[in-house]
Amino acid sequence: MPRTNRFPPLRPVRRWRLLAALAVGLVAAAARAAEVELLVADASPIYAEAADAVRRELRGSEVRQTKAAEWDARGAGSARIIVALGTRAVEIALASPGHAPVIAALVTRRSWERAANRDRRNATAVFIEQPAARQIHLIHALLPDRTRIGVVVTEDWKREVEDLQNEARPHRMRVVQETVAGAGDIYRAIKRLTPEADVLLAIPDPSVINADTLQNVLLATIRAQRPLIGISPQYVRAGALAAVHSPPALLGRQAGEIAARVLAGGTLPRPQYPGRFAVAVNLAVARSLDIPVEDEATLLGRLQRLERPEREP
Amino acid sequence: MTDDGFVAAWGRARICAGALVAGGMISGASASEAPEAHFFAEVPVVLSVSRLPQSQFDVPGAVTVFDRETIRATGYRNIADLLRLVPGFQVSWLRGWWGVAGYHGLAGEFANRMLLVVDGRPVNSEFFTGGIDWNSLPLDIDDIERIEVLRGSNSTNYGTNAYLGVVDIRTRPASDGDGVDTRISAGNGVADASLHATLAGERGALRFNVRRSSDTGLDQLADDSKFNALGMRADLRLGPVDDLLVNLGVLHSRAGEGYATDPWNSLRDRFTETDFAQLRWRRTLDDDGEFWVQFYRNRERYTDVVGLPLEPPAEFDLNRHASRTSFEFQHRRSLASELRMVWGGELRRDTMSSRILFGHFGDVPSRTLRLSGNLEWRPTPGLMINGGAMAERVRDLPTDISPRLFVNFEAVPGQVLRAGYSTASRAATIYEANANMNSTASGLALDRFVVGNPRLLPERATVRELGYFGRPFGRLLDLDLRFYQERLSRLVGQVQIAAPTVAVPGGTNSWDNLETARLTGIDVQVRLQPREGTQILVGHNYQRTEHRNLKTRRSAPVNSTSLVWIERLDPSLTLSVMHFRVREIQWLEFGDLIPRYRRTDVRLAQGFRSGDLKGELALVGQNLFDRYPEFRIGNPGEEQVFSRRLFLTLRLDY
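Just so you know, the protein sequences line up as chains A and B, in that order. Residue numbers for the first sequence follow this note's numbering, beginning at 1 and rising by one. Residue numbers for the second sequence follow this note's numbering, beginning at 1 and rising by one.
Heads up, some of the hints might be wrong.
Keeping only pairs whose Cα atoms sit at most 30 Å apart, straight-line, the calculated BS3-like set for lysine-lysine is [stated by the list, open to error]:
hint, chain 1, residue 1, chain 2, residue 2
1, B, Lys-614, A, Lys-191
2, B, Lys-226, B, Lys-551
3, A, Lys-158, A, Lys-191
4, A, Lys-158, B, Lys-614
Which bits of chain A does chain B cover? Going by a derived footprint, with three or more residues having C-beta under 8 Å, they are [to be verified]:
hint, segment
5, 133 to 139
6, 156 to 167
Keep in mind the hints are simulated off the structure, nothing from the lab. Each residue gets a CB set at the ideal place from its N, CA and C atoms; glycine is no exception.
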């Protein structure tokens, strides 16, 4: 089951905010408010792709799409829901006056928690990251005889490692970790890790594995004949063996579905991991490492079947 | 170089490194963006198909691979010794510092039918008459990442002289090192020290190594030697798709030469100075391809003067200089999803100077122009076809074309059958083409003249082979078989072109493409991993050599076997045992018929760790049982006898 974090109960909206919202609402009364405010971080195609998917799910509702930089909170005063895509949009939406519930997507669990703890309001999120269980399922399906999963993390990513450990145990796998202070230590860490681990998993800690360090990480892992499980199809194209990932359209679709349910009178669900996902496999890397692999569709089907009985709505 | 000179050079290298770091070449800044950008960021392709190591099932040929761990487990101090573990290879030491190695025989004092490539740079030397000076290689055995030994011929991939066997060494990328590591070995006859230091940043890494080795050599010979070397490798990222490899090295040595028993070849020291520089710029291309251009320059200088027992005193000036400058490029790309192409070319210039060999001391040049290409096609998932050719023009000889075709067929998953037809050539060396030996430096006439033959054609190998590689029981067993018939033609043989006279009692001799040979046999290679921590490698070769000359027929043993057993006794204690058996062999030129011999080597290594310090203490015993001769026999004082040797090696990594 996707593991979700327990959030503190929402406090009643503070009185001054209500007053402020009322005032803003009066001032903006002339401007016709949309039912759904769709706030995107910027004009980049990632957010546009997700926004299109949100709108598709909300066909029939009035949706107004705005970039974070052009956002005018006054106009949103009477919106029934705010859908925010991207960290920047989510932060603005959460801090905005009004009490329309916020549905966030294209946001990492960490950025979400930081923003949600600062501005506590009725809100939920679809995280970008894949749940630990799904990562473990992928490794187990691809490499059934490899049991030692190596990860390199900084000190404050311990929780993610614990999640992985908990999910790995039932499959008789274990997580071997190397803790580093920053990207500078990564080569030493990978060197120490490769004799101990038989597959490496990239943790989405940008201070460890990022576009700058990825080249050397991939070269080191392939030299040690250890496949790397990446975080995105771009990593797989670069040379990781495989990744589970949710493209922006799938994340947007999930946010749109939540919004539609709320508009129809449903309650706001808890923050959640992506329910829909894709699998990317690098066949050339698999061939080089003598790893027999199924095609992406078959692998995806296997992973979906593993999750279906317990997938959260 | 004196020790002071060495220290100064090391100091200069450090200053250079400091300047590079200060210049920001290897440091980089990371961009801060929205956290989600990390999940969608475009990253350049690092492991393109071109850069991925080929699965052993896909290799068009039979290969033996040594990784770092196996190399270290053998305890060998020299790469030539490692080749004893490869089926079909013969290795011998003429002196403690002069190793020779050949594949399937036809090798002598200057074994020049096998190719050695280090980081894509052929190191066979005109200086060594096309052979390999194993001890002067610009690398420490700890620098090696991987050795792939191709048992066969492959001019299409390796170019010139990939004739009978190719040893392809890749050194560790600089980024693989970290901090400082040192190694010290001491024991009977051995005193070695080496140090590696790495500077790593986000834009690349630099690694330096400095080493010194000394060896008292073989039992009967005055062949002690000292080698000092300094090397640097830099792997730099120039941009998202561009990288640069820089390899530099210098080496100086002093080695004992001559025999106490031979007044015409008296005891003395010879000195070698070599240096090299290599630059390779590589770009990863969009279509899953890559392009690289490479420049390298190797230089060798050898100082050796031997006094002659004459009145008035006279001497042989055996000094030699050689150099090689090469420009090479290669382009790989996918033409369709299962069709890949590689093509490339090289322009190479070799020079050699030697008064004794050419009658004057000035550069004698040789130019090689080469183009080659290969197509790799996988029409169905289990079938792979490689077809290619090399065209080569050496000096002003006619262009020589060497085609190659190889089919790998995965009959059942995990088991591949191979069939191949290869041709390869070995170009005549500058010495064979241009020799003009008639007098010593003192003007003393030789008793036997040698004149080169500039019209010598390249020797040709035409190889037909059938092979199998499979893992019939999963990881437990790797089995590789190679049945071969290697037909060698246009072999260079010596001919007398002028009859003996009173002044020249040995006559005048030259070379011609005279001979043919046919080598038929099987290489067997087995790797067993019965449980975690145990690895057993067995190699065997059986060969029938057909040639008109008995000595050449004996240049490869009928049977040779090697066994390596590596056992991890506990997580930090490793035992390795290496054992060889070689049937009768006679090396070409001065080799005598050596009766069958056996040798057993053992290594026991204990690892330890304390905080960031990691170390290992190993005891190595070589040739634990009988003494045996390797090259000559029957001349007391001139035999190459190798007897038991014990030494300790301590490694420390910070």
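- Query: Where does the structure disagree with the numbered hints, that is, which hint numbers, in rising order?
  - Reply: Violated hints (numbers, rising): 2, 5, 6; every other hint is consistent with the structure.
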